[in-house]
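Number of protein chains: 2
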Amino acid sequence: MNLVLFAADEMSGDVVRLTGRRAEHIRAVHRAAAGDDLTVGVENGRIGRGTVITLDPLELRVVLDREPPPPLPVTLVLALPRPKVLNRVIAGATSMGVKRIVIINAWRVEKSYWKSPRLSPENLHAQSVAGLEQAEDTVLPAIELRRLFRPFVENELPSIAAGSRAIVAHPKASSDVPRALTGPVTLAIGPEGGFIEKEIESFMRIGFETVSLGPRILRVETAMAALLARVGN
Amino acid sequence: MNLVLFAADEMSGDVVRLTGRRAEHIRAVHRAAAGDDLTVGVENGRIGRGTVITLDPLELRVVLDREPPPPLPVTLVLALPRPKVLNRVIAGATSMGVKRIVIINAWRVEKSYWKSPRLSPENLHAQSVAGLEQAEDTVLPAIELRRLFRPFVENELPSIAAGSRAIVAHPKASSDVPRALTGPVTLAIGPEGGFIEKEIESFMRIGFETVSLGPRILRVETAMAALLARVGN
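Line order of the protein sequences matches chains G and W.
Here my numbering runs 1071 ahead of the position in the first sequence, where the first position is 1.
Here my numbering runs 1071 ahead of the position in the second sequence, where the first position is 1.
Any given hint could be a false lead.
Note that the list lumps identical chains together, so a pair holds whenever it fits in one copy or between two copies.
Below 25 Å or equal to it, Euclidean Cα-Cα: the simulated SDA-like pairs (lysine to any residue) are [stated by the list, open to error]:
#1 K1155 to R1250
#2 K1170 to T1110
#3 K1243 to R1117
#4 K1243 to V1134
#5 K1269 to N1073
#6 K1269 to S1230
#7 K1155 to E1215
It should be emphasised that the hints constitute simulated quantities derived from the structure, not laboratory data.
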């Protein structure tokens, strides 16, 4: 936890009182003492310094004096990964600054994955918070779930992608991943095994370019970090 | 397992007999039948197609007709990560094509990590194999362990880094990570929390440049994939 994130309504004047996981973490992992300074931030707001007043109850006096880091202007469209991988992918994308994630179905997504409790709003929020705490950011990503591939790609994705560079990762593509883009990007990443040809054609029909990181087949979390790093400026 | 890797001495003529984990995986996960084709490769050698002759014992008739993908010309110098993360980092770096990994000590590496059974040659080999099986590669990385930071950096690293672009990831650096390098790279990545200033100075004294991915603090596996993707061509 590189940043202690709290909600605006947890503040009273310039004092924040923390309970539960965060208080426990500050006592047990940071081993903080009264007078110590921690990096803090208010959800969707500014970042600053919190000075420990008391440890139990855990109270911090905070000064919020700077903006969070700039977002990565990438909308991530992601085929639902295995539940075991989902948490790392959400936290990882959030840590890299992604602010909109749409989780979609695809032919190679196992149906049972959609029943995972990890898709609950509570868990997705918790993983996003973990990503923000890691990266010293405060701005939560919007995470949406779309269980039907075609209606999403045909009816919704065109307006999501409008005005952005729209790319879909496809191992068989002949184009490299574009680098250091300065404008908005819509990036689609398939499941393990990739999107099937018909799905790739659906993306291409609405103007997506297929791009490849090369001949190596990477795990979803590795591919995601690599793709975001390549397109990011 | 996108590629079934075997050793040259498991071949007899053009037939490979597999036992244990790989045979089990082909039967249970690939659900292969006699006559099915799988992607195969011989350790440190060529790639090709294996046709299932019999399932039990599991025998494949193989044709090795192409080279593995080109390596990523990056030597990775990595502060020992938490044992929980080590496996993913080794498999991830291998999947991205790294062929030499030196795991080193650093001030912020907990001493207990060096006692982890995950540092055994057997486990490091198993994780490298997992990375090759994922990426459809055959060439194992060399993995070395160096428990003393200063002797390694002062006496060994200069010749390892000679002739390469030598960079150390440092969140406070003012230079961006160089992109799309065509020559060899030596990339040093610190532990969670980063290298301390004295360590950074040791790298700089032997000619390393400090580079930063930006203000976000990333987990080691995310940072590694992002750094390799940025420098890779």
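Hints and how they fare:
Within a single copy, K1155 and R1250 get their C-alpha atoms no closer than 30 Å, and across copies no closer than 32 Å, so neither meets the 25 Å cut-off. Proximity of K1170 to T1110 under the C-alpha cut-off of 25 Å is restricted to the intra-copy arrangement: shortest distance 21 Å within a copy versus 38 Å between copies. In this assembly of identical chains, the alpha carbons of K1243 and R1117 lie at most 25 Å apart only when taken from different copies (20 Å versus 43 Å within one copy). In this assembly of identical chains, the alpha carbons of K1243 and V1134 lie at most 25 Å apart only when taken from different copies (22 Å versus 51 Å within one copy).
When the C-alpha separation of K1269 and N1073 is checked against a cutoff of 25 Å, the pair qualifies only between copies, where the shortest distance is 22 Å, while the shortest distance within a copy is 43 Å. Taking CA atoms no more than 25 Å apart as the test, K1269 paired with S1230 passes inside one copy only; the shortest distance there is 21 Å, against 51 Å between copies. Proximity of K1155 and E1215 under a CA criterion of 25 Å is satisfied intra-copy only: 19 Å inside one chain copy versus 30 Å between copies.
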